[in-house]
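Engineer: Each chain is listed here by its residues.
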Amino acid sequence: MPIAWESLLARYQELARNLAAGLLGRRDEADDVVQEAMLALVAAERAQPGRFATLEHARNYLLKTVRNLSLERRERRRDPAQLAEGDAPARGDAGELDDWRERVAGLERAVEQLDPAGRELFESRFRARKTLAQIASETGVPISTLHSREKALLERLRRALERGGGAA
Amino acid sequence: LSERVTALVLGELGADESARVLEHVETCAECSRQLDFLAEVTTVAARAVPSVRARRASLGWRRWIAAAAAVLLVAFIAWRAFDRADDWRELADRSVPVFVAAQLRAPPPSLATELEEAMHGWEQRDFTRVDAALTRFVAAHAEHAPAYFWRGVARRELGRLDEAESDLRTAAAKSQGYLREHSLWVVANLRLARGELDGTRAALRELEQLEGEFAAKAFELDERLRSAR
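First to last, the sequence lines map onto chains A and B. Throughout the first sequence, residue numbering follows the numbering used here, covering 1 to 168 in sequence. Throughout the second sequence, residue numbering follows the numbering used here, covering 1 to 229 in sequence.
Chain A with its partners taken away, still in its complex shape (with noise of 0.2 Å):
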């Protein structure tokens, strides 16, 4: 089954970003990783066609890449490679990806519906990516309490994605 590229890259490109700027230490280069662990991806199912039976088992094998390639370029610290345009084919799945932004449509109403708490931790936790030891010291809520209440947010929002995005 040929991967539907554009539905992985969609999917998970934020978080290969997120994986690879973690263990790089910086994110400047995490484009650069990621679109490495593409290239990486294409050349092996090239080479093994139907390698990739789902796209659970691509998402794994990109992120595996992403963690090592970050590491390699955390030791050697070399020039970002660049993908070059028109090297990731775009035969994705139309269907699956449709379906896909549908659920991160539900999911991005179901964040707008979150009372402010739960809103900023979102904001500090998922986009500004802190940690719960930086949120704990910035507001005094002992790092327990913010692990119960990410927990709570996080069932949330999956909720309120199972009911199609409605209030969380």
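Where hints are given, some of them may not hold.
What the hints assert, rightly or not - Derived DMTMM-like pairs: lysine to aspartate or glutamate, alpha-carbon spacing no greater than 25 Å straight-line: (1) A:Lys130 to A:Glu108; (2) A:Lys64 to B:Glu30; (3) B:Lys217 to A:Glu138; (4) A:Lys64 to B:Glu26; (5) A:Lys151 to A:Glu123; (6) A:Lys151 to B:Glu117; (7) A:Lys130 to B:Glu17; (8) A:Lys151 to B:Asp36; (9) A:Lys64 to B:Glu3; (10) A:Lys151 to B:Glu3; (11) A:Lys151 to B:Glu12; (12) A:Lys130 to A:Glu112; (13) A:Lys151 to B:Glu30; (14) B:Lys174 to B:Glu116; (15) A:Lys151 to B:Glu23; (16) A:Lys151 to A:Glu162; (17) A:Lys130 to B:Asp36; (18) A:Lys130 to B:Glu3; (19) B:Lys174 to B:Asp198; (20) A:Lys64 to B:Glu17; (21) A:Lys64 to B:Glu23.
Because the hints were derived from the structure by calculation, they are not lab data.
With chain A fixed as given, assemble chain B onto it according to the hints.
Structural biologist: Below, chain B without anything else, positioned relative to chain A:
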């Protein structure tokens, strides 16, 4: 492991732990689903800023021109008002602070929910209700500085200016950092609106000496008032 998956998604894990979690995700359907869900969450988070910008952009250039014209008009009126020496009180900042995220910003957490309940009605500008609720709150928690701050602002809005200033001074005395400065800033502007120029400048100088986030604003306003005399 759910928390580890979250940490992975946020790039918080080191080399070894990220490898362990990625290995685990390959064999655990539940964590695999969690990873996909969190991938969606991070995508939405990354879009949050552009979507806000997009909404602002969608206002259209005509509205921006209208908004700019309004700002210029207000600035002109303010300048004209300031030009007359007896109207410098028009410079007072009378804005009502927005109450957000009490749960995250009002330690100890055990009081957060109670304070949030007392603040019901703030957004609707029901300051009478908030004043009554906060009065009950401070009766039970006399050392809770934020409650005095919010009640002080509520009382200012209700025109009970002496009580408002007393609450704001209490909030400043019982707190440190941002809340202390914000309380002093509101006190300074409350005095300015009442025409108490010396009292205003005393509060502004107090703020400047704290050298915090309000110091620059305090200095700027103090300079304008000094030149107005």
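Engineer: Lysine 151 (chain A) and glutamate 3 (chain B) were given as a pair; does the straight-line alpha-carbon distance stay at or below 25 Å?
Structural biologist: At roughly 8 Å apart (the allowed maximum being 25 Å), glutamate 3 (chain B) and lysine 151 (chain A) satisfy the hint.
Engineer: Taken at face value, is the distance from the CA of glutamate 30 (chain B) to the CA of lysine 64 (chain A) at most 25 Å?
Structural biologist: holds (19 Å)
Engineer: So if I understand the rule, the pair passes when the alpha-carbon distance is 25 Å or less; does lysine 151 (chain A) with glutamate 23 (chain B) pass?
Structural biologist: holds (23 Å)
Engineer: Quick one, are lysine 151 (chain A) and aspartate 36 (chain B) close enough, alpha carbons at most 25 Å?
Structural biologist: Distance ~16 Å between lysine 151 (chain A) and aspartate 36 (chain B) Cα, so the pair holds.
Engineer: Would the hint linking lysine 151 (chain A) and glutamate 117 (chain B) be met if the CA-CA limit is 25 Å?
Structural biologist: holds (23 Å)
Engineer: Run the distance test for lysine 130 (chain A) versus glutamate 108 (chain A): straight-line Cα separation, threshold 25 Å.
Structural biologist: holds (20 Å)
Engineer: Given the hinted pair lysine 130 (chain A) and glutamate 112 (chain A), is their Cα-Cα distance within 25 Å?
Structural biologist: It holds: about 20 Å lies between the C-alpha atoms, which stays within 25 Å.
Engineer: Please verify whether lysine 151 (chain A) and glutamate 162 (chain A) have alpha carbons no more than 25 Å apart.
Structural biologist: holds (16 Å)
Engineer: Checking one constraint from the list: CA of lysine 174 (chain B) to CA of aspartate 198 (chain B), max 25 Å. Satisfied?
Structural biologist: holds (24 Å)
Engineer: Between the alpha carbons of lysine 64 (chain A) and glutamate 26 (chain B), is the straight-line distance 25 Å or under?
Structural biologist: Within the cut-off at roughly 11 Å; holds.
Engineer: Taken at face value, is the distance from the CA of glutamate 116 (chain B) to the CA of lysine 174 (chain B) at most 25 Å?
Structural biologist: holds (20 Å)
Engineer: Hint check: lysine 130 (chain A) vs glutamate 3 (chain B), CA-CA at most 25 Å. Holds or violated?
Structural biologist: holds (15 Å)
The structure is consistent with each of the numbered hints, conforming to all of them.
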